[in-house]
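**Student:** One letter stands for each residue in the lines below.
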Amino acid sequence: MKKRLIVIVLIAVALSSCNSFLDVVPETSLSSATFFKTESDFAQAVNAAYAPLRNIANDHAWCLGELHSDNTYYARNVLFGAVDNTENLADFAVPTANGITTNSHVRDQYRLDYLIIARTNQILALIDGVDFDADSKANLKGQALFLRAYAYFELVRYFGKVPLHLTPVTDRQEAALPLSSTDSIYDQIIKDATEAGSLLLPKSKQEPGRATSGAAKTLLANVYIVLKKWTDAETLLQQVVDSHEYELMPNYADAFSNSASNKNNIESVFEIQFKEGSDGYSGNFLYDFLPRPMTAAEVETITGTSNPQSLSEEGNNIPTPDIISAYEPGDKRKDASIAYITLSTSLRANKVFPYIKKYAKKHAQQGNTGTDWPVYRYSEVLLFMAEALNEDNKPGDAAVYLNKVRQRAGLPPTTAVSVPDMRNAIYRERRVEFAFENKRWFDLVRTGRVKDVITAYGKRVVGNPLNYYYPAGAVPPSNAFTQLETVYPLPADESALTPYF
Amino acid sequence: MTKIKILHRRGLLQLIRFVTSVFCLLLFSLLCYGQKRITGRVTDFDTGGPLTSVTVGIKGSSQGMVTDKNGHFSLNARPSDSLVVSFIGYQTKTVPVGNRTDILIKLQSSNQRLDQLVVVGYGTQMKKDVTGAVQTIDVGKLRDIPVSQITQKLQGKLAGVQINETTGKPGEGMSVRIRGQLSVSAGSEPLYVVDGFPIVGNIGSINPDEIQSISILKDAASTSLYGSRAANGVVLITTKHGKAGQTNVSLNTYVGMQQVPQRGRIKMMNAVEFAQFKKEYYEDEGQPVPIEFQNPSQYQGKNNDWYGALLRKAPIQSYNLTITTNTDKLNAAIVAGYFNQEGVVLNTTYKRYSLRMNMDYSISDKVKIGFNLAPSYIYDNTPQTDGDRGTGLLFDALHTWPIMPIRDSTGQLTKYNQLPASTGNIYAYPNWVRAAAEITDENKYVNILTNGYIQYEPIKGLVLKSSINLQYINTKYFFFNPSTATYAINVPIPTTAVSRRNNMDEATWLNENLATYTKSFNDHHFQLLAGVTTQKYTESNTNVQADTYTDDRLPTIQGALNINRGGTNNGANAWTLTSFLSRLTYNYKGKYLFTAAIRADGSSRFGSKNRWGTFPSASLGWVLSDEDFFKQFRNISFAKIRTSYGVIGNNNIGNYTQYALVNNTVNAVFNDNVATGAAVTSMSNTDLGWETTKEYDAGIDLGFFNDRIQFTYDYYLKHTTNLLYSVQVPQESGFSNFNDNIGEIKFWGHEFSVTSINTTGRLRWTTNANISFNRNKVMALANGIDRVYGSFNITEVGHPFGVFYGLIDEGLYQNAADLKNSPVIPGRSTVGSIKLKDVNGDGVITYGGDQDDRAIIGTPFPKFTYGITNTLSYGDFDFSIVGSGSYGNELYMRHLYSLANLDGVFNMVERVKDRWRSEQNPGDGFFGTTVGGGNVTGVERDWPNSQYIGNASFFTIKNITLGYNVRLKSKTIKSARIYASCQQVYIFTKYWGGSNPETSFSTDNLSQGLDLSNYPVPRTYTLGVNINF
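Sequence lines, in order, name chains A and B.
Residue numbers for the first sequence follow the numbering used here, so the first one is 161 and each next one is one higher.
Residue numbers for the second sequence follow the numbering used here, so the first one is 500 and each next one is one higher.
Some hints could be false.
[To be verified] Here are the simulated lysine-lysine pairs, DSS-like style, with alpha carbons at most 30 Å apart:
| # | chain 1 | residue 1 | chain 2 | residue 2 |
| --- | --- | --- | --- | --- |
| 1 | B | Lys640 | B | Lys812 |
| 2 | B | Lys778 | A | Lys511 |
| 3 | B | Lys1108 | A | Lys197 |
| 4 | B | Lys914 | A | Lys522 |
| 5 | B | Lys778 | A | Lys619 |
The set of hints was computed from the structure by calculation and includes no laboratory data.
Turn these sequences into a full structure, and let the hints guide you.
**Tutor:** See the structure below:
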């Protein structure tokens, strides 16, 4: 009887405590139900929204924005194969079918931009509902809006039409949206960047490395320039200039950060932040940009590391003869941007290769650099200003800004007078001033020069492979320079998951 | 009250007597008093022939002996004694001695189903009354098989159960799949229940010698009492208990040697062949040949077999002492075991120390208590042998250039090898032998399993049982990579020394309260079971990773210059489960059988809107042979048909999959300062639930010739729905996946098994054979998703799950005309390069995307699996041979992406010698030209295609054992047997990708059947002894 009683009691206990017994929440991670409650939560969420920028700058943006232009090429290594994703971009032979591609850089760039967008959407959907310090909230919200505008601006320029997500996705049904028109995406970018420009702090008051009001305004001006809204651009750029937050570094080479110093300097409007060291925030794009095979000793002359190791496989972003010859005689930027190395183990007769010097800063450990990636420098504000003024039929005013940039480069004032001449002068200036800063492809697209420039360039590559770092006997693939579309095809892996493309 | 005390005291006395007698047995020979000499003979009840090697013992004593070749025995006994006569395959018989001095004992074959008791979920049933699909195994018959885990011993024995040894790592790598069950991400391993306790952790931690019997529950009617954990089938393990009226002490031990046979290893180029290839490569490419390859014959006699250098002959040994006793009140068993298997790969060790104590004690006729305690400790050190290039030692060894020296001219192991980049050597190859020998990669595993129960029978027929079960597991992992070695490719030596320590504690408790009421009236027999159970599991882990050591001899945490933040963390996990269960069993006259069962499970794993799942089942049976009309079929001694239907679940959906989680290590950096970042990394799903399987089963059991031949057939049909799947979502959402219950898979199959006593008497020959046909088909996936990709597999609606997917190899472009007239890959196809099939007919060969030319190119699933065991005994000799096979399954030889990489950056399979070199020298048509670099050869390497599919049908002679009963004129030793055994004797197969056609690198069902050169399964030769005292 007693036993039966015990059993009954046990059953009763089991029943009554069932529901709380069955609630087991994770102990070592936060869940979204308890997050986004405090200022600190939002500050952390904003930080996380910056994180994908490192991956974008280190691994993908240069493939899509620079290698995919006449500024750089790859140095073919016939002993090594698995490089079709980068080669296809450099060769304008990205496999495309029905507006879709399997190229992994295209896919990853797309996904990383949306990662920024999703993280900023989480913040923007909830931040107004939580009560905390208004100044801090404005700064956090401004950063989120800037980053969302930044990501969409990349997407719209790469792809033209993309889905426009502005609220957090909470279940499977909401995950895919139809492609929005280019116009509506630009409208949103303008809205976000405008608001960010008014919410954010100026550079002198903001924590170095974060988005500033100047960065938001420069971004917005860039948008207006792409849209050929010259006077809107001019107004904004004038504000940036008049803020006196920025100056050109006297020496062009010093405009770029070192591995652990000279970051976010007076010329820097916005740069993507890396940190040297083992804690996981370092970059290694410098190594991607080195020609190969390179012995450890040769690597050491460039990197100065304590553990140099040889480099095999294939080097990318090798300056083309075209960019090398684009510098005017006496341009100090040439030696600051491009250097040469002799590869003793190269299979080529000519073992001398150029490489990008502006990022080749000494550091401690192989493959671990803290050099930042420049997104906007003050010289671009000046050249944007020149371009906006010129297109607004004020070539004389434009020359003032153009010449500031030329003067720092050790060049005489421009001789251009007419609007078309001034336009070409600015284009030439932009090419060398921002060489290897992922501006070339976007500039060719927005100025409508892709077909002319790349077709001619392609003929030079195919006609003279030796000049483009091929070993004797090797040639570009037969389909090189056949894909001259001004937008990238959308990623196939995403296409497989959405009903809309 | 007094009565209980007395009983108690009597029990204590018995316990003392038992322990004392055990010591007596171990330390002294027993002296006998007041006894007389008895002789006798044992014969077969049916044939009258003499039975040899029958154990004849005296009840309650350790005395005994075995019969000679004429069935005779003699021993000393008192008139009050009873003889216990037992023999494998016969019913044990107890015979009072009385005044007789010459006794004839007729033993009846035990294949009379009537009295065979089968362990089923939450109870036992007469075999005759079982209405589900249950197969039982007497583990005693498997004791000679020299392996570490029980699941290895079951290979080839079970119908409908596919057991593969995917890697030869000692103590690891067994894949058990019952009735083809699988799921996308919720696993396919069955639920292991040890003495009623669903355990967590590794089944390999249980000493197989502790196990008495195993029941495999296959259909939903048998498993539905395990509710949301039953869908992959249930394996009920019953540990040893004493046999009625016997006390027994036995020692089972074997020692042996393992080695990897040369035959079956993947054939690689030797140094001369490799240098010749490289020479030809440069010649064909029109490039100057590097000095290293200009004269391939210089490497004659200087081959470096890196793979072979990692292997060795290794010893294996096992010792088990078992003591059992069963008297009126006390039933006890103690099993102490030591197992030590050194692996055939250098520096591999697996040691298991185990102890089990099982006690059941009847306090009174109505009250019984029981207590089991089973601690075990496992130490293993296993180098990281299995893995992809740069992560798995064996694969790395295979692809290392055979011209690279393992040892330098002074005989020392080289540090690493790297030739000039001009030779196409793109990686620094560390010395893998050093890596195996010098890196510590050890696990220490403590597992304590306990059960305790009290059982009370207040009225006749009603049994109340309450139990508490506990399991505690501690796993300590220690890894130290000294500066002198590395598993990673392209890391020069010295490297940065790294240590990792993981410490994990797991604990689970289960309380079960069951009531069973059994009642018979007239010809109606009922049993009703009802119960409530509660289980909780908690786990916590701490991980520390440190690097940059100044001294390799002191791999302490404090000895490191840097603590790696990314690898230093702690975690915790928990789940809870509360259940109600009930079963009704009814039969009329023992020939019309009915069972219905139901379980309701509430689990913390299920979403808040979907907390409880209900799992019902019902089954029917009809013993035809008990009907009058059946008497005309004289040769058919038994016939039963049965059918069942039930609903079961799979709750292996992860502990917190329903929640949206925030990861707070998504950090940013600003001006060289790290700023903590937090991001939502998953979406929540409050509707998330278990996977549901609805299963129908129909079977027939037949016995012929007085059950000398027994036959069982089962057909099953299952539909699994609500599969847990992390559905890929467009990443425009900021997420890659959403955890949801989706889709439907249909499974069906046929299972046949037969047991035949071919001869009886002096030569006794028994054959057990089984064959199973398992099929599956994906009926639906998620809305809008009709396919899910694995590594080289696709799971697509309308096709079997996880089949191989890629392009179809159609040979090579033989000449310019062939190239011109065939579909090509623009910019990549050349004469002599691989010709792939243009599946969609658009004239262009495309990998992936909208114009994809990929198709299903193979299957990891066998058309059928089979096993056959023959057991013979003749006089004092016994012999058994176990075979296990699989037909129609294929493997994706993933390692060929390096081992047949035509760029020549790695060593290659020998067959690459016969590649296409020119129109005049087109080779065997399998591998293509090396000219054109990665742009050309990359297609063959990087685009998965049917070239890489290997036929992995096999038949393996798993074990051959020859035993001999030694006749000892000893009073202490009842019986002694010596045997020799060979495990993994020979594999009949056409598979050429490696030595193990059972392999599968990934345990992920979506990516089955990849061969990445896993740890080879050794051949093992052992000598063993079984002694009964």
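**Student:** So, against the hints stated earlier in the document, which numbers end up violated here?
**Tutor:** Structure breaks hint 5 only.
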